[in-house]
Amino acid sequence: MILSRRTRIALRAAMVAGLAVVYLPLLLVLLNSLNRDRSFAWPPAGLTTQWWVRAWQSEGARSAVLTSLQAGAGATLVALVLGTMTAFAVQRHRFFGRQTVSFLVILPIALPGIVTGIALNAAFRTVLGPAGIGFGLLTVVIGHATFCIVVVFNNVVARLRRTFPSAEEASADLGAHTFQTFRYVTFPAVRSALLAGGLLAFALSFDEIVVTTFTAGPGVQTLPVWIYANLARPNQAPVVNVVAAVLVLLSVVPVYLAQRLSADSPGGRL
1 MILSRRTRIA LRAAMVAGLA VVYLPLLLVL LNSLNRDRSF AWPPAGLTTQ
51 WWVRAWQSEG ARSAVLTSLQ AGAGATLVAL VLGTMTAFAV QRHRFFGRQT
101 VSFLVILPIA LPGIVTGIAL NAAFRTVLGP AGIGFGLLTV VIGHATFCIV
151 VVFNNVVARL RRTFPSAEEA SADLGAHTFQ TFRYVTFPAV RSALLAGGLL
201 AFALSFDEIV VTTFTAGPGV QTLPVWIYAN LARPNQAPVV NVVAAVLVLL
251 SVVPVYLAQR LSADSPGGRL
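Numbered by the UniProt record's numbering, the letters in the sequence shown go through residues 1 to 270 in order.
One or more hints might be untrue.
[As the list claims (entries may be wrong)] Pair by pair, the computed Cβ-Cβ distance ranges are: (1) 3 x 27: 28 to 34 Å; (2) 260 x 174: 29 to 35 Å; (3) 27 x 175: 56 to 62 Å; (4) 59 x 130: 33 to 39 Å.
These are computed hints drawn from the structure, not numbers from a lab. Here a beta-carbon is modelled for each residue, glycine too, at the ideal position from N, C-alpha and C.
Given the sequences, and given the hints that come with them, work out the whole structure.
And the structure:
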């Protein structure tokens with residue numbers, strides 16, 4: 001499609017404006033984490049790294065980071081197993097209700113977080129409560145896995161649609177058993193999709209706050225929850241900006257890697 005010069009300029013201006021709306025506030029968070037003034041006056045009176053030192057020394061912040069890493073790792077592991085198995089079932093087999101299963105797997109990512117949180121809270125109280133299992137890290141992992149499964153499922157299904165099963169059939173014809181075929185043929189074909197899905201699932205879990213609020217126990221505080229709890233405390237404001245900046249930087253890495261892996265060739269880069 002051939003566009004006029006004026007149209008191209010307008011599209012580029014709209015793109016720049018859209019990116020500015022998204023990323024300028026993030027840049028301000030990074031700048032405020034180095035602002036010498038505790039009130040974050042603009043322009044900054046000077047730059048300092050003292051808030052980064054205080055954030056590193058904050059036991060609450062370190063504990064919250066560790067909890068977020070544990071919850072993210074657990075949710076990602078569950079999502080990889082269940083999302084991959086569901087993707088293979090839906091894409092490689094024909095059975096009654098296949099489209100319904102696919103819809104039900106994708107649905108949690110579209111539901112409002114507060115609805116999912118309330119539903120999980122009620123379910124955990126009804127099912128786990130009588131069994132003596134209270135709210136804690138386990139319930140957070142289960143809650144995060146409900147929407148992390150979606151990104152793994154979508155990545156693996158997309159890869160399977162681009163990978164023909166003829167190679168697996170040829171492997172079986174040559175005498176390879178099921179596990180050999182999976183190891184040497186199927187897994188290399190979907191490996192980068194699994195990595196991309198896992199990275200996105202971890203990023204989603206690491207940043208989640210709404211579902212976490214409804215599924216975490218009193219002693220469980222992830223990094224986003226810690227930020228929200230300390231946001232209104234004047235003495236903690238500089239440290240909160242530092243932690244928020246770290247959260248932004250940590251979120252960029254898995255999303256960038258996932259984007260690179262998702263853009264590879266059908267055979268995979270790795």
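Hints, one by one, checked against the model:
A hinted range of 28 to 34 Å holds for the C-beta pair residue 3 and residue 27, which are about 30 Å apart. The given range of 29 to 35 Å is respected by residue 260 and residue 174, whose C-beta atoms sit roughly 33 Å from each other. Between residue 27 and residue 175, the C-beta spacing of about 58 Å keeps the proposed range 56 to 62 Å intact. A hinted range of 33 to 39 Å holds for the C-beta pair residue 59 and residue 130, which are about 35 Å apart.
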